[in-house]
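Following the hints, position chain A against chain V.
Same order as they appear, the protein sequences are chains V and A. Start counting the first sequence at 1; every next residue gets the next number (the numbering used here). Start counting the second sequence at 1; every next residue gets the next number (the numbering used here).
Some clues are possibly wrong.
Claimed, not checked - A few chain A residues facing chain V, derived, Cβ under 7 Å: (1) G65; (2) S84; (3) R87; (4) D151; (5) I397.
Hint data in this document are derived by calculation from the structure and do not stem from the laboratory. Note that the structure is predicted; figures quoted are calculated from it, not measured. The beta-carbon is built from N, C-alpha and C at its ideal position, and this holds for glycine as well.
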Amino acid sequence: MLNEYQQLVDEIRDLTGAPAPALMEEDAPVLGDAALHAPRDQMYLIAIIGGKDVGKSALVNALVGQEITPRTSFGPGTETAVAYAHEDQKQNVATLLQREAPGQFRIVTHRIDPLRRQVLLDLPDIDSHYRAHVELTRRILRHVLFPIWMQSVEKYADKQPQELLATVALGNAPQNFIFSLNKVDQLTGPAADSAAADSAARELSEDYSKRVSSLLKIKPPQIWLLSAIHPDRHDLPALRKLLSEERSEKSVDTSRQNALQRQGLSIADWVSRQDLDHRLESMKRLSAAAEEEVAARLGTPLLESVVPRLLEDPAYRMALADELMEKRVARWPIVNLLHILLSPLVSLARRRLPLPHQFALESPESMVSAHLQSLPTTRGDIIDPATPGRSAAAILQSTFAFLHQSYPAIARLYSNWKLWETMPAQSAESDLRRRLSSTVERQRSRLREQLGVSGFISAFFRTLLTIGALLWFPIIQPLLESLLSGHPMRDLTLLAVRLLGVTYLLKTVAFLAIYYTLLWLILRWDTQRRIDKFLYRWKESPHTDPTLSLPGQAIEWLNELLTPLRSATDRLENVVQRADHLKKSLAAA
Amino acid sequence: MSDPLDKLHNLWSQMEEQITRLRGTPAVGGDLISRWRSDTKALLFHLQKPRHDHPALTVLLGGTGTGKSTLTNRLLEANISAASFRRTFTSGPVAIARDNDAIPQHWLRLDHQIIANDSLPARGQAGALAIVLHKTDLTNSITLTDTPDLDGDQPAHHAEADRAFRWAQAIIFLVTPEKYQMTELLPYYRLAQRYALPTLFVMNKLEESAVLEDFRQQLVTRGLDDPRIFALPRDDAAYEPPPDANLQSLRKAVGGLNHELAHHNKNQRCAALANRSSDLLDRLRDQIISPLRDQRRAVDSAIASLRAMAVPAAGIDVSPVTRQLQRRMQEQSILYLMGPQRMLDRVRQVPGLLLRLPRTAFDLLRGQSVSLFPPTTSQSPGQLPDFSSTLTDQFTILQSRVDDVISATPHTAALISADGQLFSQAKIPATEAAKIAQEELDDLKKWLQERWDAPPRDTRILHKLLSVLPGGKKISQWSEAAPYLLAVVVAAHHAFFGPIDLLILGSFTLATWVGEKLSNEVTARSRATNARISQRFTRLAEEQVERICQWLDQQVPSSAQLMKLERHANALAELSSEAAHAQ
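Excised from the complex, chain V in its bound form (with noise of 0.2 Å):
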């Protein structure tokens, strides 16, 4: 059973750093699953527990009706548990007092039918300078199902046995136990009239009822008034008739039940003592403060600010531009050539660029880096574009350096990443640089898979477009139209010499380079119209994959940065779930 609650009590420590419950320690006296779960027609335990020379071994005797262990008044006294069994359990028994007490037993056995299953069990004491028996006693416990606690009337307001009993009983069913006052006969002596005795019993078995009850918060329980040396006065004929028949399984089983909803229910109490709802509800509120700050200092200037600006970024369509036209001009035979020779007055023209837009060009990283060097910064939700903007990471430093003073709870949640001092701001920055320029990275890779396969016009038609203009316009053309004018011969000599004409030349050449330079024109053009097409696709559509949306990036890493808050309110609300489960499923049953 107790292994059930584990998860859920080494969760709730883990969050909360409180002690383990006291019957979850490893050497509680506390019944185990071994007897809690152990099948119905098995033996079940009743140990006489009690302080030293109270009695317990002259009331075994007096129960079972013979001297099956020694009575002592001095000394030591009972060393080792005396078990009175069965015969056909006492293998099972030896197994278990071998296992918890080894050598440190002795079994009786009879051969009472009626009560195969029961074992009544004679324990050392618990409150004498022998540690030993003391441990022996503590050890078996943890089998036993009906402790008869057991205290004589000298003895029963002592600290030590009801520190055990305090621990015991968060294991067990108060209904299971037997309390006893042993002695009662020494209250008044025999002189005495028994009127006077009987409500001097009657009275301390109330005092004695009421520290237990107060002691395991129950009601006043019943307390047997036993004398060993009087067998047949006050509670003992019924004790002994009690115990002289073994329960009914059904009994047995349904006590077990009572001690298994015991345990849950001073585990709900060890819960309910850790202050779970008042955690959640001022984790739930530091989450949504923290959310609020991070989205309002960071989330505003990112989402509104830089994301778009990167998006519009001119150097970065440029930059994206020169890609795709390279590829494509690559095909267009001529035009390439005029594309290399024009690149130096493409480059000197960027030269005029600003600078920021320069560093975009060179890389992806350096464009991004550029950018959240100046996030502009905000007041409430509204950017302010008017104030110069401040680098992502003080931001975000400082962002985290208010919650910290305002939640000092953020300094444990957040103590393995301190987002208030320099270096993990910093981290954190370049890992949203490193995010965001990855992004504009495989956005290129995307549109230059997308654009760069194939082109609108086909091969046969750049071919037609540029070395048939070659051919045509200077040497074809002419040709075709002396042929036509009529006069072939004459016409075709006069067109070779002036075909070799400076005039001509100049002419074609110059047309050519109109011509050509146009079709480049056309094809850069036509190439940033598509890109801007894709651009605005992105932009828009709320379909596109995550790993291309810069939005989805910027705001994953927001998420990033609450995560440990996150999780943490996560898994104490699933704790808070599962403890309330416990009590639901407690009261139910």
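Coordinates of chain A only, in the frame set by chain V:
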């Protein structure tokens, strides 16, 4: 007689005073200190010169239900201390004395309440010493004190019994066959022997002599040689104790306790007191001084690392605020107005002018106001960056670092959880940092406002110079035309001067540059503001750290105090061992 004992008394009373001044800290609770103090008072009581005229203060100790009150009554042959079969009945000490003087004042450091004879039997109440005046032969020689139980479920009873033991001059231990093996009494047996207290053992409710023998055996194995054990049979038992151990001989032995105490060997007494003293000293060292020292060490190292901690930079640059003014100042400078720079600026504006021409024409057609110059920004100071929030942020970062340092060790973290209120009071609110920026910026803005329409310094100097010269005002009015003249000169210079244009251009540029540097109040001013802000911020941060350090320092006794305690303890230890070996 006992010089070393007097000295011990002196030293211990000083020590007690010192400890009184200690406050409770998380490591050393206040109740621990007060318990130790009360034991010290007990020691001081024992260190006083013994008074043989008053009866020995004898304390009866035992567990619940051993019959302490009953035994008291039987010894005195009167119903004095209330006895009951209910357990944990007596909850405070009850002393039976022959008269008022028999009990020293403040004995047990409890209120002494004399119980009137008609309200007997007296039942002891916690927190007070009930005194019953009863004159018999026995009370003439000893003052018997009945105590609450030592092992019951009421911790307060245990504390009362322990206190009575510390103040006792003689002890009677009471056990029963059921309880003689319990663990609670064992340390007291040992201490009674160590403190050379005349001790009697009584076993009540005895039924057979073997138990008595076993008890004797137990005491002997625990190192008590020849314990004096008496036996009282249970009412209904047939057992009859031997004549040297029955109630009569017990009464005699109890009566003789005073005599025994008076004839204590001087050396024995010294040794016993030395033992008491060194026990108390050990407790002082283990439970008070060394935890305090550990905590002090933790606090010291926390303070050291706080002081060494890097204060985050203010990180504020006000130049965006002043940049506008600087440009305006430049434009108003007479050197600029006179110099070629203005021409160059005009030339630079031409392409933009041309580009905007269509727009300008359109505006003109729509009948709007038209300006040939680009929309200028130098007319207003513009929006200011949020410097105060930056400073607040930096300050919060500092406070977070402070918190981290303090919660780094469990010792110092415990201080916060014990005294969080004062700790948060030691923190300076972050708005203080914001105030710095606010004040400095207000100051700067006021200055800017003043300067906005004032001519720059070089211009002022030139104006002053020119106003001294005859016709100087005119020169300065005309000086604005200089660039245009210069342009004409440069354009036509070949006709007159040769390559002098370069010279003119160069020298003018140089003059403007020098003039600008000389007259640049704005840069200097903004640099000063920056420096002042960061200086004030650092000072505030240092003050914060200092306040936290002070708070930390106050939480634990100073090392000087601890050193003093330690020295005192050492002196006491030396004296104790001296007393122990004084022959």
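Quick rundown of the hints versus the structure:
1. The beta carbon of A:G65 comes within 4 Å of a beta carbon in chain V, closer than 7 Å, and the hint placing it at the interface holds.
2. The beta carbon of A:S84 is not positioned within 7 Å of any beta carbon in chain V (closest approach about 10 Å), and the interface hint is therefore violated.
3. For A:R87, the interface hint holds, the least distance from its beta-carbon to any beta-carbon of chain V being 3 Å, beneath 7 Å.
4. Interface restraint check for A:D151: the shortest CB-CB distance to chain V comes to about 5 Å, inside 7 Å, so the restraint holds.
5. Using the Cβ-Cβ criterion of 7 Å, the hint placing A:I397 at the interface with chain V is satisfied: the shortest such distance is roughly 4 Å.
Comparing the model with each numbered hint stated earlier shows that hint 2 is the single one that does not hold.
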